[in-house]
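A.B. asks: Here are the chains, one letter per residue:
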Amino acid sequence: MREIIPAPLPGLDLRQHYGHHQSPAIRAGGLIFCSGMLPIDPRTGERCHGTLTSEAHVIFGNLKLLLESAGSSLDRLVQVHALIYDSIEYDVLNRVYRQYVANGPPARTVWTAQIEAGFKVELDVIAAA
Amino acid sequence: MAVRGGAFIFVSGLTAIDPHTGERRPGTTASETHQILANLRQLLEAAGSSLDRVVKVNVLLHSMLEAPNMNEVYARFFPEPPPARTVCGARLPDGIKVIIECTVLA
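As given, the protein sequences belong to chains A and B, one line each in that order.
Adding 1052 to a residue's 1-based position in the first sequence gives its number in my numbering.
Adding 11 to a residue's 1-based position in the second sequence gives its number in my numbering.
Just chain A, with the same shape it has in the complex (with noise of 0.2 Å):
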């Protein structure tokens, strides 16, 4: 059984603002599969350029948002990829990522890519539904 989750918010509809052939999670197996989370406005769905602790607060809220629609929440993450565009801001991620992600922190991999649009972060979550 594979069920889609739909955007909470027009914003974050990826398909409809940017063409992006996906939905924006999948509930299958006891798990919520998220794509790639990005710093977008979730009720406009423009783009939210800033530093990467700006991104990742946008991120962060709407990886809320997604998750709690479903009947999860970010305490129930599994797995975290987070990509960053620059190593040297590893630091940074973990500052903030601190203030989401509390107790008991998911399994984690951080590396370096290069993001759409040039934003600075992006998060790719699997969460238990």
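One should not assume that every hint holds.
Some chain B residues near chain A, calculated using beta-carbon distances under 10 Å [said to hold, decoys possible]:
| no. | residue |
| --- | --- |
| 1 | HIS31 |
| 2 | GLY38 |
| 3 | TYR85 |
| 4 | GLY100 |
Hints in this document: simulated from the structure, not taken from any laboratory.
Backbone N, C-alpha and C fix where the C-beta goes; we use that ideal spot for every residue, glycine too.
Keeping the supplied structure of chain A fixed, place chain B upon it in accordance with the hints.
C.D. replies: Just chain B, lined up with the frame of chain A:
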């Protein structure tokens, strides 16, 4: 190429190869995407699954400038509604332009 575990099939990062000979089929981002997804469809059907059971796809591109070229071909393969997906640019070995890995319901 793929491992069944729990409710899922986990598929290795696929590159553009000839499915009969295993030889590399280097080309454009679009042609490599096409080859990979054609091979993926075959692989999943042989495993008793299919593209409409794909849950999550990770696409690695040699350059994010090529994302629209990948997306256009990609959209022709996946039936509605499409799986969740993450696309990023990465340094890929041997001049490879596209790698696609995915998680699929068995």
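A.B. asks: Take the hints in turn and mark each one as holding or not.
C.D. replies: Results for each hint:
1. HIS31: 28 Å, violated
2. GLY38: Result: violated, 20 Å to nearest chain A Cβ.
3. TYR85: For TYR85 of chain B, the interface hint holds, since the closest Cβ of chain A sits about 5 Å away, which is under 10 Å.
4. GLY100: At about 3 Å, which falls below the 10 Å cut-off, the nearest Cβ of chain A leaves the hint on GLY100 of chain B intact, so it holds.
Going down the numbered hints, you'll see the structure goes against 1, 2, while the others check out.
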